[in-house]
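Q: Letter by letter, the chains look like this.
Protein chains: 2
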Amino acid sequence: MNIGIYGYGNLGRGVEAAIAQNPDMQLVAVFTRRDPDGLKIATEGAAVVHTSDVLSWKDKIDVMILCGGSATDLPEMTPALAENFNLVDSYDNHSSIPKHFAAVDAAAKKAGTTAMISCGWDPGMFSLNRLYASCILPDGKDYTFWGRGVSQGHSDAIRRIPGVLDARQYTVPIENALARVRSGENPELTTRQKHLRECYVVAAEGADQDEIRQKIVTMPGYFADYDTTVTFITMEELQREHKGLPHGGNVIRTGKTGNGNKQVVEYKLTLDSNPEFTGSVLVAFARAVCRTAARGDYGCKTVFDVAPADLSMVPREELIAHML
Amino acid sequence: MNIGIYGYGNLGRGVEAAIAQNPDMQLVAVFTRRDPDGLKIATEGAAVVHTSDVLSWKDKIDVMILCGGSATDLPEMTPALAENFNLVDSYDNHSSIPKHFAAVDAAAKKAGTTAMISCGWDPGMFSLNRLYASCILPDGKDYTFWGRGVSQGHSDAIRRIPGVLDARQYTVPIENALARVRSGENPELTTRQKHLRECYVVAAEGADQDEIRQKIVTMPGYFADYDTTVTFITMEELQREHKGLPHGGNVIRTGKTGNGNKQVVEYKLTLDSNPEFTGSVLVAFARAVCRTAARGDYGCKTVFDVAPADLSMVPREELIAHML
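Line by line, the protein sequences are chains Z and H. Heads up: the first sequence begins at 238 in the numbering used here, then just goes up one per residue. Heads up: the second sequence begins at 238 in the numbering used here, then just goes up one per residue.
If you're looking for bench data, these hints aren't it; they were derived computationally from the structure. Among the hints, a few may not be true.
One copy or any two copies: either way a pair holds, since identical chains are not told apart in the list.
[Said to hold, decoys possible] With a cut-off of at most 20 Å between alpha-carbon atoms, the simulated SDA-like pairs for lysine to any residue come out as follows:
#  : residue 1 : residue 2
1  : 295       : 344
2  : 505       : 415
3  : 505       : 412
4  : 505       : 421
5  : 505       : 381
6  : 505       : 417
7  : 480       : 496
8  : 493       : 333
9  : 378       : 505
10 : 493       : 261
Given these sequences and hints, build the entire structure.
A: Here it is in structure tokens:
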């Protein structure tokens, strides 16, 4: 399978690392909006190409893995590329997924391509676990917890405050809430009861730290609904102690069967590297996209549409013999 | 969807309870080898039919859910019923799955039916989680732990010892082994290091308890490779304290991505009732069997072949809008 990577930030590098672990795939080209001559990639033999030349690669790429951002890149990029490529993206703006789906589905069906959206871990593996557990336990309740992990969006929001040089925000699930959910108590939990937010901030010399703190903890949509701690640290400490991008979380469904028997299903991720795990999910589903397209099954797809055997390098008979 | 239940023990009753939670399904008949007149079932309006009359129900049942045992019932029953019914079974003898698959596949393809085998939680949901995690993290290692829960097979093995009136055996995962696995240490664990076995035994009056204990702890294939505790209790205590059939377990995959970043995926079940949960899984997959058969996709299937959207009562657009 010949793979292209479209966009080469943290996620693009995560995808590249994952391709190297899958012997049935090779990375043939990385597409960038930057100057290709200035970009060094890790894979020997793969081309670095400007995005404006992407169409000349149409017949050389089986699946394009899109590594742009959900806010502005993917809503334009995914439908446009679906006109010429089978692809998978990690569009994660949950509330706008139906709109994104419709645009991508129209483009892919017209072109005869297979385009999978919203793949990764949430949306992605967490969605799958919500779906499986809700089908098995219709009389139940879902909970999703995120963290402990770095939220890029919240870190960016802090960086936009005047006087802030850099920042790292950790989303932290509240242990007591997790324990109550696991016990099958089915609690109603407010936003504040589920997660807290830890912020590590590097302030410019002379900046008013109290004012920065106040702007963070009251920021609507990001911090106002949470208990938020703000710790000012030096740039050296930030770079030394907070350079990783760990993340993870839990999807828990508690349900009842029969005469009130409690059943708890939990899926838990503990990730040293969020972009490398997301990249690994994208690569596994790229394999399924390739097979789906080969069967002539075109249009927009999601993780819900993929039979799990299609994700594997291992032949079906071997899966049945050794993994079932 | 019209459902039949073939066999009415603990699992059959678990399936019956699950059908009642799924408004798009109805139980139309329970098939039993016993005298149908002597069998009371929980569902009003469903028939109780002797297994010898099953063929007269051929056109009234969309999917038959088989609730026989794996040791002797299902190897005969599943291929035979696949000649006339779409079906799902919970065949759980892992090492003989390929043989069972071949027999069922031949019968189902010849008859034009869809027959899913080895559905439940292990094999079943645990298998799915092993597959997803291994596709995402090809450079990694799988661990499956079972318990704390009642093993029916091990309880039966104790009951066959002369002087034993009744017994209950719990399989218990060893916490220290779980902790080492979750830490990403990738330990090599012996059978004895992963699980221990707790036995609660009711001995006949005058029976030699030391001899019974010795027979249990040295029993090859069942207890000899484990640290096993044997506690003698009264029949009253057994019936009071050990009447449930709880179970569960963990599937954990630890893998490495990029430059040695550790990624841990864990799926965990904590079940008050093993047969009711297994029954609930069977019912969700029966829905997929019905849809698969309607598309003319015949033969033997497994959980690996089912696109998750096919398990749900909820239309695909709603799943995409609300669960992705």
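Q: Could you work out which earlier hints the structure fails to respect and list their numbers in ascending sequence?
A: 8
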